[in-house]
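Can you build the whole structure from these sequences, using the hints too?
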Amino acid sequence: MNLTRYVDTAFANPKLLIGGLGLAIIAAIALAAPLLPLQDPLDQSLFAQNLPPFWLPGHDASYLLGTDSLGRDLLSRLVWGARPVLIVMVLGAALSGVVGVIVGLVSGYLGGGSDAVLSRIIEVFMAFPPMLLAIVLVAVVGPGLYAVVISIALIGWTRFARVVRAEVLVLREQDFITAAHLLGYRWFRILFQELLPNIIPMVLALLALEMGRAIVVEAILAFIGFSTSDMATWGGILADGRNYIYQAWWIMTLPIFAITLSVLTLSLLADGLRLALDPVIRR
Amino acid sequence: MLEAINVSIALPDRSQKSLFGRAPLLKIIQNVDLTVQRGKVVGIVGESGSGKSTIGRSLLGLYRPVTGKVMLEGKDLASLSKEELREARFKIQMIFQDSQSSLNPRRKIIDILADPFVANGRASRSDARNKALALLERVGMRPAHGDRYPHQLSGGQRQRIGIARAIALEPSYIVADEIVSGLDVSVQAQVLALLRQLRAENSLGMVFISHDLSVVRTLCDDVVVMQHGRVVEAGECTRVFNDPRNDYTKKLLRAVPLPVVEKDWLDESRRCDSEAVTELPSAVAAMR
Numbered sequence: 001m002n003l004t005r006y007v008d009t010a011f012a013n014p015k016l017l018i019g020g021l022g023l024a025i026i027a028a029i030a031l032a033a034p035l036l037p038l039q040d041p042l043d044q045s046l047f048a049q050n051l052p053p054f055w056l057p058g059h060d061a062s063y064l065l066g067t068d069s070l071g072r073d074l075l076s077r078l079v080w081g082a083r084p085v086l087i088v089m090v091l092g093a094a095l096s097g098v099v100g101v102i103v104g105l106v107s108g109y110l111g112g113g114s115d116a117v118l119s120r121i122i123e124v125f126m127a128f129p130p131m132l133l134a135i136v137l138v139a140v141v142g143p144g145l146y147a148v149v150i151s152i153a154l155i156g157w158t159r160f161a162r163v164v165r166a167e168v169l170v171l172r173e174q175d176f177i178t179a180a181h182l183l184g185y186r187w188f189r190i191l192f193q194e195l196l197p198n199i200i201p202m203v204l205a206l207l208a209l210e211m212g213r214a215i216v217v218e219a220i221l222a223f224i225g226f227s228t229s230d231m232a233t234w235g236g237i238l239a240d241g242r243n244y245i246y247q248a249w250w251i252m253t254l255p256i257f258a259i260t261l262s263v264l265t266l267s268l269l270a271d272g273l274r275l276a277l278d279p280v281i282r283r
Numbered sequence: 001m002l003e004a005i006n007v008s009i010a011l012p013d014r015s016q017k018s019l020f021g022r023a024p025l026l027k028i029i030q031n032v033d034l035t036v037q038r039g040k041v042v043g044i045v046g047e048s049g050s051g052k053s054t055i056g057r058s059l060l061g062l063y064r065p066v067t068g069k070v071m072l073e074g075k076d077l078a079s080l081s082k083e084e085l086r087e088a089r090f091k092i093q094m095i096f097q098d099s100q101s102s103l104n105p106r107r108k109i110i111d112i113l114a115d116p117f118v119a120n121g122r123a124s125r126s127d128a129r130n131k132a133l134a135l136l137e138r139v140g141m142r143p144a145h146g147d148r149y150p151h152q153l154s155g156g157q158r159q160r161i162g163i164a165r166a167i168a169l170e171p172s173y174i175v176a177d178e179i180v181s182g183l184d185v186s187v188q189a190q191v192l193a194l195l196r197q198l199r200a201e202n203s204l205g206m207v208f209i210s211h212d213l214s215v216v217r218t219l220c221d222d223v224v225v226m227q228h229g230r231v232v233e234a235g236e237c238t239r240v241f242n243d244p245r246n247d248y249t250k251k252l253l254r255a256v257p258l259p260v261v262e263k264d265w266l267d268e269s270r271r272c273d274s275e276a277v278t279e280l281p282s283a284v285a286a287m288r
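These protein sequence lines are chains A and B, in that order. Using my numbering, you'd call the opening residue of the first sequence number 1 and step up by one each time. Using my numbering, you'd call the opening residue of the second sequence number 1 and step up by one each time.
Wrong hints could be hidden among the right ones.
[Said to hold, decoys possible] Label-pair restraints from in silico Cβ distances:
hint	chain 1	residue 1	chain 2	residue 2	range
1	A	116	B	16	18 to 26 Å
2	B	148	A	277	13 to 21 Å
3	A	117	B	181	49 to 57 Å
4	B	122	A	94	31 to 39 Å
5	B	124	A	131	48 to 56 Å
6	B	35	A	119	39 to 47 Å
7	A	117	B	122	31 to 39 Å
Since the hints were derived computationally from the structure, they do not count as laboratory data. All of these numbers come straight from a predicted model, not from anything done at the bench. Virtual Cβ for every residue (Gly too), placed ideally from N, Cα, C.
Next up, the structure:
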């Protein structure tokens with residue numbers, strides 16, 4: 001009986017269902033990449049350059065989705081490219097979330113001077129062109145996956161901080177917070193037991209959204225060569241394919257498709273989560 | 001004894017705030033005197049906006065008075081350090097008007113009632129759980145209610161939880177702010193009966209804020225009538241209700257709606273269809 005109820009709930013919220021499944025598929029592909037019967041994504045073959053995918057004339061059966069300009073298997077590169085995406089997406093969103101939620105909680109709860117200072121810091125970060133910030137950072141730290149993660153957090157935490165702060169400002173005027181003060185609860189109990197659980201649903205939705213943004217940021221940084229160079233990345237494939245857009249359009253199209261689809265998936269998930277966890281809409 | 005002596009409270013008026021600089025202060029209540037003895041109930045009545053809630057909250061030290069002082073058993077609340085105020089507040093608790101917003105929507109009832117003990121180091125987790133169950137029983141609820149979330153309870157049940165939480169730390173005084181205004185009459189009566197019982201058991205001193213004069217009349221020993229942030233009349237309940245001296249009090253008392261009963265309202269011929277009445281319980285059962 002419980003199971004049918006869960007199934008009913010899932011179908012009542014197709015956005016959550018599709019988004020969740022999509023995220024699971026991306027994660028599964030990324031994790032299973034070494035187990036799949038694929039060619040080495042870095043293996044070059046100068047006899048098989050710019051081969052088309054299987055539905056076009058002139059394709060080679062051993063390269064299902066064709067090859068790029070260095071004769072590397074595109075299917076393999078797309079699948080292996082999901083691995084840096086997964087790392088960046090999870091770590092980037094988590095880091096932005098942790099920093100943003102803490103700043104938002106503290107800022108909203110303390111109010112007054114600390115709130116003013118923290119809010120100005122958030123505004124400075126938001127006023128800075130985000131990609132420029134990321135590029136400067138990578139230029140300082142050096143290219144690589146972790147530089148990308150830090151850039152994503154640097155860009156993304158302000159969103160969390162802003163939304164959480166606004167929510168805390170509303171919550172702290174509610175009577176259960178007054179009651180908590182009267183009962184002598186100390187600040188960490190009020191922050192983490194009374195306030196935090198009430199903003200978790202929103203933070204989850206924001207996390208899904210932020211993961212989608214992380215994919216785009218990673219792709220852009222990889223496109224301009226600031227991400228890791230010892231792994232296949234979707235942005236990297238894009239950059240390679242750009243030079244051959246007239247001879248081999250599929251090289252660029254395939255990663256664009258992958259990026260668009262995953263970002264869309266995560267947007268759906270965020271929307272679905274928001275609907276599922278909002279008690280007012282749920283009732 | 002809990003007393004407010006010549007208390008005035010002013011709060012910043014944000015609608016008048018200029019871009020820079022402070023918001024001007026708006027006087028909410030002026031020169032209010034109030035005394036609550038243990039075991040007594042003091043009613044505060046007045047129209048909305050008259051400052052009833054503000055004086056209630058200032059008794060808990062939630063607002064700092066601009067003049068006068070709030071004395072708890074001889075100590076001025078404003079003179080206490082943050083830590084001392086924290087301790088002092090265990091003696092004064094509050095029950096809120098909106099039972100929904102007064103309970104954390106994401107915590108189970110049992111946790112809401114166990115937290116006061118755990119947070120103040122008065123009991124271990126498991127001990128606190130037992131104390132919470134005892135509290136549930138004291139306010140007339142079953143242990144099974146502990147596993148529910150606030151939105152799964154009715155308004156009257158939630159208000160009982162609010163009361164249970166307020167008495168958890170065994171305070172000497174309780175400020176009850178419009179606690180029955182959102183409840184229907186039969187539930188109101190139950191909650192009021194519970195309050196009377198608790199007052200008798202613990203000799204609680206109570207401040208009962210309400211705009212419902214009939215409730216105040218049945219429950220309170222003393223009453224304070226407020227208008228525009230000032231006390232216009234104060235005294236023993238029976239005296240104020242039977243012999244109001246202030247014009248505003250008289251007006252307020254005249255405004256109490258009294259039922260106009262037609263003589264024949266219980267006549268056999270005018271009774272509603274008796275069949276429909278007997279069908280009602282089964283119809284309710286079918287709906288479940």
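Residue 119/A and residue 35/B - C-beta distance against the hinted 39 to 47 Å:
holds (44 Å)
Is the gap between the beta carbons of residue 117/A and residue 181/B within 49 to 57 Å?
Given about 41 Å between the Cβ atoms, the range is violated.
Measuring from beta carbon to beta carbon, are residue 116/A and residue 16/B in 18 to 26 Å?
holds (20 Å)
Hint says 48 to 56 Å; check whether the CB-CB distance for residue 124/B and residue 131/A agrees.
holds (53 Å)
Determine whether the Cβ-Cβ distance between residue 117/A and residue 122/B falls within the hinted range of 31 to 39 Å.
holds (37 Å)
If I claimed the Cβ atoms of residue 122/B and residue 94/A lie 31 to 39 Å apart, would that claim hold in this structure?
holds (37 Å)
Quick one: are residue 148/B and residue 277/A within 13 to 21 Å, going by C-beta?
holds (19 Å)
In the structure shown, a violation is registered for the earlier hint numbered 3 alone.
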